[in-house]
Amino acid sequence: MQRSKTDTPLQALALMNDPVQTEAARGLAERMLTEGGRTAAERLAYAFASATARKLNDRQSQILSSLLERRLAAYREDPAAAKAFLSVGASQPKAGLDPVELAAYANVASLILNLDQVITRN
Amino acid sequence: MITPVILNRRSFLQRSTLGLGALALGQLLGGITRGAVTRPVGPDFTPRAKRVIFLFQAGGPSQLDLFDPKPALKARYNEDLPDSVRMGQRITGMVSGQARLAVLPSEFDFSACGASGMRIGNLLPFTQKIADDICLINSVNTEAINHDPAITFLQTGSQQPGRPSMGAWVNYGLGAENENLPSFVVLISVPSAATPDQGLLSRLWGSGFLPSRFQGAQLRGGLDPVLFLHNPPGLDRTGRRQWLDALDAMNEQTLRDSHDPEIEARLAQYEMAFRMQTSMPDLMNFSREPDSTYQLYGESARKPGTFAANCLLARRMAERGVRFIQLYHRGWDHHNNLRDRIKVLTGDVDQPSAALIQDLKQRGLLQDTVVIWGGEFGRTVYCQGEVKKETYGRDHHGRAFSVWMAGGGVKAGLTYGKTDDFSFNITENPVSIFDLQATILTCLGLDHEHLTYRFQGRQYRLTDVSGQVVKDILT
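The listed protein sequences derive, respectively, from chains A and B. Letter by letter, the first sequence follows residues 1 to 122 of our numbering. Letter by letter, the second sequence follows residues 1 to 475 of our numbering.
Incorrect hints may have been included.
[As the list claims (entries may be wrong)] Partner residues are not named here, just some residues of chain B that face chain A (Cβ under 8 Å, in silico):
hint, residue
1, P182
2, R213
3, A217
4, L229
5, H230
6, P232
7, P233
8, L235
9, W243
10, L247
11, T254
12, R266
13, A273
Hints were generated in silico from the structure; no laboratory data involved. Treat the numbers as computed from the prediction; the structure is a model and nothing was measured. Just so it is clear, CB atoms sit at the ideal spot from N, CA and C, and this is done for glycine as well.
Using the sequences plus the hints, can you model the full thing?
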């Protein structure tokens with residue numbers, strides 16, 4: 001017996017947009033900023049290893065850093081959007097963190113939680 | 001068309017479980033190349049139709065009360081079913097313990113409809129009006145006797161779970177017409193009265209051993225057909241696109257390392273999700289439907305999740321090029337109280353089913369859409385339970401039942417197939433489930449013997465090793 005495979009756009013939408021997922025991404029982003037090291041590269045590697053138990057390679061690190069830069073730029077221009085993103089979920093964002101930075105990291109954390117390696121058990 | 005595909009060890013072995021003996025290897029590799037197509041393969045010949053709308057009536061509607069009139073039975077009320085008719089054929093465990101199998105004529109009248117005089121039950125006044133647009137097949141038969149194997153058989157070509165569904169096969173065969181909506185959509189409607197429902201499991205629209213991107217997407221039957229359609233606040237469409245580009249790039253890295261073809265499916269489904277964020281609100285925006293739409297489909301079409309609303313949605317999906325639209329309506333399993341319960345069901349589905357045909361026709365869509373209306377089996381001529389007008393029921397009957405089809409490539413105004421005096425056995429032009437499936441694929445330009453996929457060492461088909469195209473009902 002083998003469990004049947006399912007893979008629909010509805011699952012993708014839930015993993016992208018369900019408030020629980022967004023809140024979990026924010027939680028991971030908080031850990032990246034407080035426990036994940038000092039540089040962006042360290043923090044990305046930390047989150048990737050936490051979710052996949054694998055090392056981030058150079059190409060992957062490049063992809064994630066580039067997204068992080070773009071999201072930081074977007075939220076610097078629109079800090080209200082950063083705050084809106086952090087408002088999702090029942091818990092309060094961790095105090096003392098820069099909302100722009102936290103929201104950008106939460107965007108990247110949400111991507112990590114959507115990786116095929118994370119949501120598929122092989 | 002053969003598209004090369006990346007195979008990892010796991011998927012290679014899955015497709016070749018006969019083993020990798022040296023003698024077989026060359027043949028297997030050849031076979032794998034043929035079967036390894038994960039992209040749509042395209043039609044085999046000129047299609048009559050481009051898409052399918054399947055109005056599945058789950059539970060087993062009574063052909064005796066709706067489509068296959070046997071007026072002579074009125075004289076045989078409460079007589080025993082003759083052994084010469086049953087001929088020892090199996091009956092379900094629900095009636096095998098009954099002392100007798102008493103004949104129950106239909107209490108409902110029939111009328112001759114349309115130019116052909118097609119006989120349709122008076123419980124279906126709207127369907128009666130589209131008699132000239134449909135082909136009524138009174139000789140469909142199935143090997144299954146209980147719901148789940150029978151539905152699984154009709155939807156996947158096997159009574160055992162695990163095969164790809166018809167919609168998945170069509171999706172695999174023809175691919176999408178509209179890249180912005182799933183090409184195989186499933187809608188389960190909410191009956192107007194609470195009735196004991198048969199379960200409908202998602203494997204009925206699953207992809208089986210086909211790549212999982214070919215499976216159906218089930219929309220919810222209510223106000224919110226797709227959950228989580230909108231981005232979280234603070235993430236606009238540009239931001240989502242940046243996010244998705246990075247996700248694609250990351251998953252492509254994994255695909256390169258692992259060669260797992262399912263990652264391709266994952267990439268495709270995330271892209272589809274992104275496109276659905278804009279295409280779904282447009283699909284679901286009924287605000288520009290004029291009042292005449294609701295006169296046609298009935299007022300219940302205003303209530304999301306009803307069969308009528310889903311028929312209207314099916315038309316909107318057909319307009320937008322959704323390839324396979326699978327509706328289910330449940331509650332036809334009338335083991336008891338048939339007389340009252342069947343009216344609830346015909347009340348739910350008659351007007352919208354007929355409206356859909358008329359609406360597709362007036363929009364020029366019927367000619368390239370195949371519409372199928374029917375359930376997994378029919379019902380018995382004999383009574384289940386006490387022979388009492390108020391409470392009688394009919395049991396499952398797979399030896400003969402009725403399905404109607406309409407649209408692209410199907411002969412309109414034709415009544416096809418005949419049954420004996422008891423609507424028990426077929427006497428002329430039997431149509432098996434495999435025949436029905438082969439015929440539907442033919443309408444779409446697909447040769448049911450060519451639409452194959454290699455799995456566990458052999459080429460599989462929807463119709464397995466059977467199926468004769470019913471050419472008599474095709475134009």
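Legend entry - Closest C-beta approach of W243/B to chain A relative to 8 Å, hint status: With Cβ-Cβ at 6 Å, under 8 Å, it holds.
Inset, instruction - With a cut-off of 8 Å on the beta carbons, see whether R266/B makes it to chain A. - result: With Cβ-Cβ at 5 Å, under 8 Å, it holds.
Inset, instruction - Using 8 Å as the Cβ threshold, decide whether R213/B counts as touching chain A. - result: With a minimum Cβ separation of about 6 Å from chain A (threshold 8 Å), the hint on R213/B holds.
Legend entry - Minimum beta-carbon distance criterion (8 Å), A217/B to chain A: This interface hint holds because 5 Å falls under the 8 Å limit.
Legend entry - Interface hint compliance - L229/B to chain A, C-beta minimum distance less than 8 Å: holds, 6 Å
Inset, instruction - Identify whether the interface hint at P232/B stands, where standing means a beta carbon of chain A within less than 8 Å of its own. - result: holds, 5 Å
Legend entry - Interface restraint verdict for P233/B against chain A (beta-carbon cut-off 8 Å): Given a least distance of 4 Å, the restraint on P233/B holds.
Legend entry - L247/B as chain A interface residue, shortest Cβ-Cβ below 8 Å: Since chain A brings a Cβ to about 5 Å from L247/B, closer than 8 Å, the hint holds.
Inset, instruction - Would you check whether L235/B satisfies its interface hint, that is, whether its CB is within less than 8 Å of any CB in chain A? - result: holds, 6 Å
Inset, instruction - With chain A as the partner, please determine if H230/B meets the hint condition of a C-beta pair closer than 8 Å. - result: Holds, because the Cβ-Cβ distance from H230/B to chain A comes to roughly 6 Å (cut-off 8 Å).
Legend entry - Hint validity - T254/B Cβ closer than 8 Å to any chain A Cβ: holds, 6 Å
Legend entry - Hinted contact P182/B with chain A - closest CB pair below 8 Å: With a closest approach of 6 Å, the P182/B hint holds.
Checked against the numbered hints given earlier, this structure breaks none of them.
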